[in-house]
Amino acid sequence: MRSSSARTWQTVVLALIIIGLIALALGGYLSPVTRVVMAPVISAQTWLSTRYITIQNYFRSPQDLVRLRQRNLELEAENARLETQIIELEQQLSETRILSALVDFARVHPQNRYVAASVIGRDPSPFVKYVIINRGSDDGLRRGMPVVTSQGLVGRVAAVTAGAGRVELITDPASSINVRLEPSGAQAVLLGSITGELALDFIPQSVSVQAGDLVLTSGLGGNYPGNILIGQITNVRRRETDLFQSATVQPVVDFSRLEILLIITNFQPVDISPLIPTPGAP
Amino acid sequence: MTTLLAFPILITLLIVQTAILSNITLLHGTTDVVFLAIIAWTIQRRVDTGWVWGIIGGLLVGYVSAVPIPVYLFAYLGSVGVALLLRQRIWNVPFLAMLIVTFTGTILLQGSTLIALRIANTPLALEDTINLIALPGLVLNLILALPFFLIFGDLAKWLYPEPLEI
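Protein sequences, first through last, are from chains A and B. When we follow my numbering, the leftmost residue of the first sequence carries the number 1, and every step to the right adds one. When we follow my numbering, the leftmost residue of the second sequence carries the number 1, and every step to the right adds one.
Extracted from the complex, chain B is given alone in its bound form:
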């Protein structure tokens, strides 16, 4: 059920991302709502489909983007791994975990994209890339981390209700 739910949610977010959010830039950086949705879902307690969401999201975004698919798969699954790790470590402050995963995941995604494009002989000025794309994108992702965390928290509570203690 929650695996199937990944398709409508992530496809809808991908459409919003490509049609609207990619046009809204801070300097040249943009947010990545598919990434935020995956980690906001994974960070919730009792959610056990984070890896599947990561794979589905990576394949969807990789299919649409000109950036090679393995980059998104690697970055999204790496972020899911970090999210699961922090979920166990910082289980009582989940929003702090969300912020840390957003930070590390965004760095992972942008770093792996940069490396992949450099391997493909795309000339990218490192300083410009960090100042104009990576840092503004990181700021936007951190700003949107809270609403995504709250929305997916409610969704997780709805789909995984607390067991009643008798």
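Same shape as in the complex, but just chain A:
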């Protein structure tokens, strides 16, 4: 009986102590004690957890590596595809801009009919300045037709096959074009050269020519239609002892970056060679 009563009291005291400790803990009075007691436990827990995760990663990593490599390959392929798409779109944008400029040019000159062609190559010989285009006689091209861009004159069709053509640039050393200078209105001859530079010759001494004057086709000789812009005079050479003045010309067309050209198909060049007197002819 007595022992039973003592055990009851012990239980009550223990319960009161536990309740008191819980109350103290909830009140925050046991925090320093908790910190001291829990610190080694937390350290041990951290150590063990870190080792476990390391070991777990060690066993799982091969699978992840394969998966990551696979994913990396997929992303690289996707990246390459998108980069290709960007290049294609930039190319399309560039072509659209050129075509837009050419359409504007065609609107300004409604009297002409045009066929657009892409430049697909250059003459294999460095001695001549010709480009190869992807349009030929099947597209209505004929020898002698003038070729322009939205900036100005490029040259003329020198030879055609069914599906391709060869264009003689105005910078070719054999090229000579009758031109008119603005604002003076003087006539001159534009000559190409092996360096691709353009020179003006046979400018009358009586005419005042200055740097900045415009050079346009005159239409004389029948090889080109008139009033197509060629370039601007950059330098004039005038000597009293010479019969004519000469000048250098900066073309408006960048001949190193020809991409799309317009061929004027309704212009028929006139062959005036039979009218030129030859020595010994009656």
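None of the hints are false.
Okay, the calculated beta carbon distance ranges per label pair:
| hint | chain 1 | residue 1 | chain 2 | residue 2 | range |
| --- | --- | --- | --- | --- | --- |
| 1 | A | S118 | B | L159 | 34 to 42 Å |
| 2 | A | L65 | B | L159 | 41 to 49 Å |
| 3 | A | E90 | B | V16 | 18 to 26 Å |
| 4 | A | Y58 | B | A19 | 50 to 58 Å |
| 5 | A | I87 | B | D154 | 27 to 35 Å |
| 6 | A | N57 | B | P8 | 53 to 61 Å |
| 7 | A | L65 | B | V16 | 40 to 48 Å |
| 8 | A | N57 | B | K157 | 49 to 57 Å |
| 9 | A | N235 | B | L135 | 25 to 33 Å |
| 10 | A | P110 | B | R118 | 42 to 50 Å |
| 11 | A | E95 | B | K157 | 39 to 47 Å |
| 12 | A | L73 | B | P8 | 33 to 41 Å |
| 13 | B | K157 | A | S118 | 37 to 45 Å |
| 14 | A | V252 | B | Y160 | 52 to 60 Å |
Counterexamples of contact, computed for chain A against chain B with all Cβ distances above 12 Å:
| hint | residue |
| --- | --- |
| 15 | T11 |
| 16 | V13 |
| 17 | L21 |
| 18 | L93 |
| 19 | Q187 |
| 20 | A211 |
These are computed hints drawn from the structure, not numbers from a lab. For clarity, every value in this text was computed on a predicted model and none was experimentally measured. Each residue gets a CB set at the ideal place from its N, CA and C atoms; glycine is no exception.
Start from chain A and add chain B according to the hints.
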């Protein structure tokens, strides 16, 4: 077989020449890979189709170029002749022969082009032509002579295997 092979090889090289290499200039000079292919092929021992390659190459390039066809035919066949001559003379140093043929062949090609254009009344300043086109073109051809010699050497070994000595 090796005659027919000339068509795909030379046509491919001509396309590369007109589409890409004619835009890559040293001053105003360019290389001529069709010419290099013909002489690199001809200079190889046991190759007996050099003349045919020269004719095919001359006709192809002459057809595409504004320079008259006979110029290329003459220059390429002349170079093949020089290559065959040197192949017999300098048979143990074939790369030296390749360099000599590249040098003489390029001079022959550029000289004949210059003469043909002068006959056609194309005004060409001789000094500019030599300094800006001929010499840079010669340098480019000499630079590319080695890779062409090696590539066509391998091709010749593949098509003309050494006879086995028993």
